[in-house]
Each structure stands twice: as C-alpha cells, then as structure tokens.
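**Q** Using the supplied hints, reconstruct the complex from the two chains, each of which is provided in its own coordinate frame.
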Amino acid sequence: MLIRFGVILLLLGWAFAQGQGLRVENAWVRLVPNQTTAAYMVLVNTGARPVRVLGVSSPIAARGELHQTQFVDPNDHLGMDHRHSPEMKGLEVTGMRPVKELVVPARGRLELKPRGTHIMLIDLRQPLRQGQRVRLVLRLEGGRTLSVDAVVRAQ
Amino acid sequence: MPRRAIWITLMAGLPLLLAIAAFLLMRDIYQPYGTRLLNIRAAEANEFTLTAHTGSTKSLSDFRGKVVLIFFGFVNCPDVCPTTMLELGSVYKVLTPGEQERVQVLLISVDPERDTPELLAKYTTFFGPTFLGLTGTPEQLAEVAKKYGVFFQKSAIKSPIEYNVDHTATVFALDPRGQLRLIYRYGMAAATDRMVEDVRWLLRD
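Read top to bottom, the protein sequences are chains A and B. Okay, so the first sequence: first residue is 0 according to numbering that gives the first Met the number 0, each after it adds one. Okay, so the second sequence: first residue is 0 according to numbering that gives the first Met the number 0, each after it adds one.
Chain B extracted, bound-state conformation (with noise of 0.2 Å):
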C-alpha cells in the first residue's frame, strides 16, 4: 500500500513539478522583443519632472506601478510623430482594461515653443485616451533628453513658427519600478504582438 501511495504520488506529481518547473524556465528565457538594457540603472537616473497636458506638474514617480513608454515627438510631426503614436495606440487597444489601468503611454515634446497644453492635449489623447503629453522649458527638455540619449534639434528653418525638429524616433519602456528596461529603436514599435507581449512581461516582472 504505501509502495502504490508513491507511485500514484510519482504519477501525478511528476508532470505537474514539471510543468511548474517550465512555467517557472519560460519566464526566465522569455526573450524580450525590445532591446535590453543590461545593466539597469537606478530609477533615479530616468527621473523628470515636467508640465502634463493637464496642466499640472508631472514625474516619472507618479507612475510607479505602471509600465511606462517614452516616446519623444511633437504635434506638428506630420510622418514619424503619429506614425509611431498609432503604434502606441494600437498597443494600448490589444490589453485589457486591467492592464490599460497600469500602462502610462507618455509623448514628451521636443518642440515646446509650439507645442502648448492645450495642442498637446488635443494631440496626445486622439492616440489613446489616457496618453499624456508632458512638455517644459527647452532647458528642462533637453536635460530630460540628454538622460535619455535622446538628440533634437530644428531643422527646415521658415520662420519663428514654421520649421521640423530632427529628432531621436526611439520608444523607451520603464517597468513599474521606474526602471528603463527595453528601448524600441526606430520602426520597431509597428510590431503590436511582440510590443504588447514585451509590456505583458514588464507587468509580471
């Protein structure tokens, strides 16, 4: 009797173990589709604070438990800018409403002296309703850009109001430590599966 208790103990508990066991691999092979960052600084380094849309002031710390993505852009990009915002937006679409409650989809501004609140505002939400824009001085811009290796610059100079801004296309994602944790180069963010699989990892992690 206690020689069958083991064998039935070994039939039934064998597969499971083991499915826990590859449970337990998978999550630590998942391959992120995103670059990794291998050695993650402290969240301290990806600190800002900036001007939401709202008009109130926003940090990076006010999303701690959300999966951040940073994109940085401005309104009157007609190509790359809501190219990559739809990316975003289709993203967002895919998780569910759980998980859109802890994804923070944030468009900071390269180009502050036109990109008012209220246009940002206006801009932001058409991709996604809980999208923020964030915009500030130049200077606090570009020190936010700078931690990010992010370089912008105008270029097709016009006039005061009429010019482009040259600038990084790259999509940042931070867990919800604060960490950044995978950068999403140029093009890459038009892969919606891979990206939402990547902010689904994020969210477990």
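Just chain A, same shape as in the assembly (with noise of 0.2 Å):
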C-alpha cells in the first residue's frame, strides 16, 4: 500500500516536473507544398508562475524557431514611388522576428496563431501529409521539456 502510494506520488511529481503546470490545447502544423512551415498552439499554464518556452525542436524538421510576426518600419521608403494614391501610402510592411523565448503567463494563456507568435519549422525532412502527427519538443526553462502532439492541418 505504502509503495503503491509512493509510485502514485513520484509519477504525479515527474508530470509536475515535465510541464510543471503547461498544457497544450489546439496544435497543429501548417500543411505546406515547400520546405518551411509553421506549427500553432494555445500554451496554458495552470501553475502560479509565469512558464519560459526557450526553443523547440521536432523530429519532422532540421530546426525549429520561436517567432513573431510583426511591422517592420521600412524606415524611409527611399525610392518608392510618391506618385502613389493616397490609399496606397503606408502599406503595412510584415517581417518575421526571433524571439528568445515565449512567456505563459501564471494561470494565462499563450496563443501562437497565423500573423502572431509561432513556430517556425525549417527544412522540413520529408514532405507533410494532411492529418499526419508531428511530434514538437518545447524545451522549458530549468531544462525541463513538453511533448506537444500537433496535428498537419491544411488551414
């Protein structure tokens, strides 16, 4: 009885441990024709403190990236053309960024979605099948990792 309660107790504290308190709901990788794709997920942390993503790695590609996508201020817009209609001036100008590491807020969400927070997946090793599962590897700080089964959905 007592050894029963202990496994229940060490196998409760290594979930605890993995996640400490970080889910994962809704991933899914990006059905793509090319080599580049990206995966999304909502991040629910249920601890009392904020949760650090610091990189992500997947058996599926060469390298995995936190990113974000953001406006990029092309600064001067030096040689474009002034001629342009009002309506054409000041067009958002999209860039993708690295990001150090991803911050789920205590007892919050984080959502990674299509022209936000993402993961970029680079040289993909084999070509993606709608509805395939891919494996993602969150590493979390403290050395501590999350497993992440994403579905490739082609959205």
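Don't read these hints as lab results, they were simulated from the structure. Don't be surprised by glycine CBs; every beta carbon is placed ideally from N, CA and C. Everything hinted at is true.
With the Cβ distance kept under 7 Å, some of the chain B side facing chain A (calculated, not the full set):
#1 L36
#2 N38
#3 P77
#4 P81
#5 T82
#6 K121
#7 F125
#8 G148
#9 N163
#10 D165
#11 T167
#12 A168
#13 Y185
Okay, the calculated beta carbon distance ranges per label pair:
#14 L23(B) <-> Q131(A): 44 to 54 Å
#15 E140(A) <-> R35(B): 44 to 54 Å
#16 G54(B) <-> Q67(A): 32 to 42 Å
#17 P97(A) <-> E100(B): 40 to 50 Å
#18 L23(B) <-> E100(A): 58 to 68 Å
#19 Y162(B) <-> D148(A): 23 to 33 Å
Rough simulated footprint, nothing fancy, chain B against chain A, three-plus residues with beta-carbon under 8 Å:
#20 35 to 44
#21 94 to 102
#22 113 to 119
**A** Quick look at the structure:
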C-alpha cells in the first residue's frame, strides 16, 4: 500500500516536473508544399508562476525557431514611388523576428496563431501529409521539456 | 376602359420600375470591403512583364477580362504568405466555375534568388490550381513593387540562402480592364465572404 502510494506520488511529481502546470491545446502544423512551415497552439499555464519556453525542436524538421510576425518600419521607403494615391501610402510591411523566449503568464494562456507568434519549422525532412501527427518538443526553463502532439492541417 | 388600362399599367408597372430603380441604385451604392482607390490611375501604370512559374513571359495585360488579385510574397515565408494565399484560395473556392475562369490570382515573388519557377509552381498551385507565381530579376521585381507601393528587404540574414524577407502584405485587386481598384491591407483577406462580394462587384463592373 505504502509502495503503491509512493509510486503514485512519484508519477505525480514527474508529471508536475515535466510541464509544471503547462498544458498545450489545439496544436497544429500548417500543410504546405515547401520546406518551411509553422506550428500553432495554445499554451495554458495552470501554475502560479510564469513558464518560459526557450526553444523548440521536432523530428520532422532540421530546426525549430520561435518567431513573431510583426510590423516593420521600412524607415524611409526610399525609392518608393511618391505618385501613389493616398490609399496606397504607408501600407503595412510585415516581417518575422526570432524571439528568445515565450512567456506563458501564471494562470494564463499564450496563443500561437497565424499572423502572430508561431513556431517556424525549417528544412522539413519529408513532405507533410494532411492529418499526420507531428511531435514537437518544447524546451522549457530549468532544462525541462514538454512533448506536444500536433496535427498537420490545411488551414 | 382607357382609364382602367392606365390603372392596370400603373399597378403593375410602378413596382417593376421601382424594383429596377432600386437594383440600379444598389449597384451604384455598393460599398466595397476593400479600400477603394478614389483616383483610378491609367491601366498602363499597373503594367508589368515577368516570368511565370510555367517558364513563359506574362504581362498584366494578358489577363484583361479577368479580375486580378495580386499578392507579393515568397515561398520560404512560413506565416503571412501561406495565411494570405490560403485566404485567397478560400475566396476562389467560393466562386462559381464561370467566375473562377474570370479571376486570376498572382503571387509576385519578393525573393527571386531562392524562388525558382519550379518552386513557385509547386507552391502557388497548392493554394489554387490556376494561381500563378511570377518572378524576375531583382531589378524587374523592384520596379513592379515600386509601382504598387510595395516594400521588400531581406532581414535576419544568416547565410546567402538563409534569410527572411520583410515585405508589404497587401492584396491588390484589379478590374477586368486592368485598373487597380481595391486594396486589402494586412489581414483583410481573412474575410472570405466580403472578398467574394468585392470580386463579384468587380466582375460586374
């Protein structure tokens, strides 16, 4: 009885240490015909402390990076044609910037979604298939990891 | 008897006239979802000639009679480009086959060094069977971008083949006469139904 209790306690402790209250919902990878794609998901932190995601890897890609799509200031638009109609001036320029870490707030959530924060998967080893299950490994602070099962979707 | 005839004509004709008037008015007062260009410039100002993913040379004027939707992007763009291309694919799918024949989606590459016609072909047709990818020399593409007020520049350069491209993520809609009519700023193409309404409006126009 005591042993069984101990095992349960150990398992609980292990589970706790794995994600420390971090849960992932609705993880998916976009189906594309080329070698670079993105993964999206909702990170839910049920713990009382913020959780930091420091990196990501996946067996399907040579590299995974944390990225943020953001507006870019094209500085001066030098060389732009200034005869454009007013509606065409100052159109938003977007770019991707690598981010060092994702912070999931205590008892909060962080959504990775198109046109926002995302995981970039670079140099896919094989073409993706719709419905395929893809493993993503999030590297958390403190040397912990969290394995995520994502589905390949054409969306 | 003549008086009765007048009455019948009025009773039947008036609602018909009103319906016709309303229809004509509705056509005119249609408020497009995309930002309308108030001063429509000459079609020549939108003109370009680039290399299509099929290997042949294509000019904008080759698509006269069609509504043309233009997006500037590149194959190795993991977020904004596939998001927008998928949205344009959704718009295309809603259209009837007859309408589809009169709509051309163009992806103009802002990454001529990496986007070979072969890569562009595979990428572009994934989002829509008739979608066409266009590329050219850096000079040609810079000139086209300038015409559309589009900015692009390499960023996060890690090596000659590893970099990102910052670029304007606007969708441009041209009418069947080759006139630039509507622009969809970043993110607007997500509203499929409204985009479809606009495309139909441009097709009627």
